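So you can see what is in the structure, the chains are spelled out below.
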Amino acid sequence: DSGVTQTPKHLITATGQRVTLRCSPRSGDLSVYWYQQSLDQGLQFLIQYYNGEERAKGNILERFSAQQFPDLHSELNLSSLELGDSALYFCASSRDGGGTQYFGPGTRLLVL
Amino acid sequence: AQTVTQSQPEMSVQEAETVTLSCTYDTSENNYYLFWYKQPPSRQMILVIRQEAYKQQNATENRFSVNFQKAAKSFSLKISDSQLGDTAMYFCAFIWGAQKLVFGQGTRLTINP
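Respectively, the protein sequence lines represent chains V and G.
Going by the numbering used here, the letters in the first sequence line up with residues 212 to 323, in that order.
Going by the numbering used here, the letters in the second sequence line up with residues 6 to 118, in that order.
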């Protein structure tokens, strides 16, 4: 157990809908990262937050947004969902802005 | 741009054998970290081992060890006495500064009984 929690574990929804994925980092970790892993693909970095502030953006679509709250948990919002958004979404956390990242169990999103 | 390359899409060995997974990376940075993550069929991402670039000594974690060649930008993972539970996708990853992890495409390792 990495200490990073993600909810829900599974999510099935329809095209055009909006969903929110939630992540709680390890105790004491200030930085949260979101990654997307499509079927049989590597991991693509989406966005990073550090102590409530956005620090880095990767290949994140405009339909996607995220935030980190004062208690350091983070939410990833996916809207106007398309079939191609079906993927495994990981949250990871680290003590500071660099170094070792520990991954949550992921949220499996299926868009029908 | 920083890139990570894993040249072996798939590997298969017998239980108890030793296997080495290859990884090369490209960077102009001097201070960085390298990692191997394991993703079993459950698809959880599990940290296997990490190496700080400023350390010359190769990292070791039980049956897992790395061969870090900084000048050659090479970072291979050796698994000794392989076990059925080692069957997984293995990702090499790289990070510098306060940046994102850059992952290779992965090597699918199968341990046969």
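These are calculated hints, taken from the structure and not from any lab test.
Since the structure is predicted, the reported quantities are computational estimates derived from the model, not experimental observations.
One thing to keep in mind: the hints can contain errors.
A few chain G residues that face chain V, going by a derived Cβ cut-off under 10 Å, partial list only [unchecked claim]:
(1) E22
(2) V24
(3) F40
(4) Q49
(5) Y59
(6) S85
(7) Q88
(8) L89
(9) F108
Chain G residues, not near chain V, derived (Cβ > 12 Å throughout) [as the list claims (entries may be wrong)]:
(10) Q11
(11) V18
(12) Y38
(13) Q44
(14) S47
(15) E57
(16) Q74
(17) S79
(18) S87
(19) D91
(20) Q104
(21) K105
(22) G109
(23) Q110
(24) N117
Each residue gets a CB set at the ideal place from its N, CA and C atoms; glycine is no exception.
- Message: Could you work out which of the previously given hints the structure breaks and list their numbers from low to high?
- Response: Structure breaks hints 1, 2, 5, 6, 7, 8, 10, 12, 13, 14, 15, 20, 21, 22 and 23.
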